[in-house]
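Enquirer: For the record, the sequence lines run as chains G and X. Residue 3 in numbering that gives the first Met the number 0 sits at position 4 of the first sequence; the count goes up by one each step and never skips. Residue 172 in numbering that gives the first Met the number 0 sits at position 173 of the second sequence; the count goes up by one each step and never skips.
It is worth saying that the hints were derived from the structure and are not from the lab. Among these hints, one or two may not hold up.
In this list, chains with the same sequence are indistinguishable; a pair is considered to hold if it fits within one copy or across any two.
Below, in silico cross-link-like pairs of lysine-lysine (DSSO-like), each with a Cα-Cα straight-line distance of 27 Å or less [what the hints assert, rightly or not]:
| id | residue 1 | residue 2 |
| --- | --- | --- |
| 1 | 72 | 53 |
| 2 | 53 | 123 |
| 3 | 53 | 154 |
| 4 | 100 | 156 |
| 5 | 100 | 72 |
| 6 | 100 | 53 |
| 7 | 62 | 100 |
| 8 | 105 | 156 |
| 9 | 154 | 105 |
Protein chains: 2
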Amino acid sequence: MVAMSQIRYPTGSAQWNTQKSTRDNHGGRGTRLESDLNDSNAYYRDTGRALIYKKPTPIQVVKVDYPARDRAKITEAYYRTPSTTDYNGVYRGKYIDFEAKETRNKTSFPLYMIHDHQIQHLEKVALHGGIGFFIIRFSTLNQTMLVDAGQLIEKIKSTTHASIPYPWFASHGIFIQEGLYPRLAYLDAVDTLYFSQNPPETDGQ
Amino acid sequence: MVAMSQIRYPTGSAQWNTQKSTRDNHGGRGTRLESDLNDSNAYYRDTGRALIYKKPTPIQVVKVDYPARDRAKITEAYYRTPSTTDYNGVYRGKYIDFEAKETRNKTSFPLYMIHDHQIQHLEKVALHGGIGFFIIRFSTLNQTMLVDAGQLIEKIKSTTHASIPYPWFASHGIFIQEGLYPRLAYLDAVDTLYFSQNPPETDGQ
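Work out the full structure, taking the sequences as your base and the hints as a guide.
Expert: The structure is reproduced here in structure tokens:
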């Protein structure tokens with residue numbers, strides 16, 4: 000008999016430990032949440048449920064070499080700050096747009112992780128009739144939640160603190176079921192929040 | 000009196016002459032059409048009419064140096080083939096998705112410029128209830144047209160030729176008005192095609 004703690008999971012705890020930071024990732028260093036969402040979006044596309052992609056990281060190319068014909072090698076480039084959110088697409092005829100953030104904090108979500116341009120972009124999404132939200136993961140608690148963008152932005156604008164307590168998310172967000180296919184069943188949360196009879200309410204809390 | 004041919008336009012004919020290719024551009028080498036569309040989208044965003052962006056070119060980063068703190072310098076990277084189209088966003092509550100192509104041919108549009116993944120993506124956009132189209136510019140003729148994706152894809156699938164004659168575009172596309180603000184009034188063509196009483200018909204031609 001093998002004790003659970005002795006089993007070496009090839010992609011489980013190892014992957015977890017090599018995760019470098021819960022801060023915004025730049026290009027190569029994808030977070031585990033990002034990888035879960037990419038898998039989920041691929042599953043949703045393959046099954047024809049939705050057409051949602053992560054946008055490529057914007058990169059400013061400065062120098063390009065052509066070591067071989069038809070093979071451009073970029074030799075100098077820099078990450079640029081995106082002007083929008085990371086994910087968008089179409090689901091049930093509606094425009095979908097969201098940002099995903101992961102924190103290891105157990106008690107609150109730090110607001111420095113949400114940038115002004117993301118807030119402004121998601122406000123415009125709502126103005127144009129799209130559906131905008133945040134996917135927030137408390138990775139230490141193993142909980143991922145979907146929160147309507149309008150609700151979270153209202154909360155951000157009304158608070159004077161540098162973070163929003165976990166209980167606010169627990170009461171205002173929809174818990175996202177984790178599994179294998181899809182890794183994150185976040186479209187079920189979208190159904191609940193935007194396609195059921197009770198649209199999300201803003202309560203100013 | 001100065002003859003027209005002697006006037007040197009700072010961004011007109013000069014820009015035209017430095018344009019390297021009418022083939023697909025990779026990263027740095029944007030086409031004039033791409034630049035016109037970026038300007039138009041910025042104008043539409045600023046005036047609150049629509050929220051449409053060009054997606055960043057996907058780049059696979061291989062090596063990153065950190066010559067200074069907080070300043071990552073990419074020293075080896077390669078262009079990747081996109082799996083979607085170049086532009087998407089939201090307009091009048093609908094998901095908008097399109098690809099833009101420019102040819103210097105005067106009599107026909109070469110089909111090698113439209114890739115399989117773009118066709119497949121735009122077919123899925125329609126399935127999910129989004130609006131998908133192509134913007135095709137015949138740059139030598141100074142004409143830019145918007146064509147419904149379903150119509151053009153149907154034509155591509157039914158032809159055995161390597162190109163589609165200009166007259167097909169003239170009769171099935173909507174001419175896009177060029178100006179200063181916006182450079183390309185392509186949303187007027189979207190209004191005509193998708194938001195008027197007569198939706199686009201497919202006729203199998």
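Enquirer: If a hint holds in the structure, say so; if it does not, say that too.
Expert: Cross-check of the supplied hints:
no., hint, verdict
1, 72 to 53, "both (24 Å within a copy, 23 Å between copies)"
2, 53 to 123, "both (19 Å within a copy, 16 Å between copies)"
3, 53 to 154, "within (26 Å within a copy, 31 Å between copies)"
4, 100 to 156, "within (18 Å within a copy, 42 Å between copies)"
5, 100 to 72, "between (32 Å within a copy, 24 Å between copies)"
6, 100 to 53, "both (13 Å within a copy, 23 Å between copies)"
7, 62 to 100, "between (32 Å within a copy, 25 Å between copies)"
8, 105 to 156, "within (22 Å within a copy, 55 Å between copies)"
9, 154 to 105, "within (19 Å within a copy, 56 Å between copies)"
The structure fails none of the hints (numbered hints given earlier).
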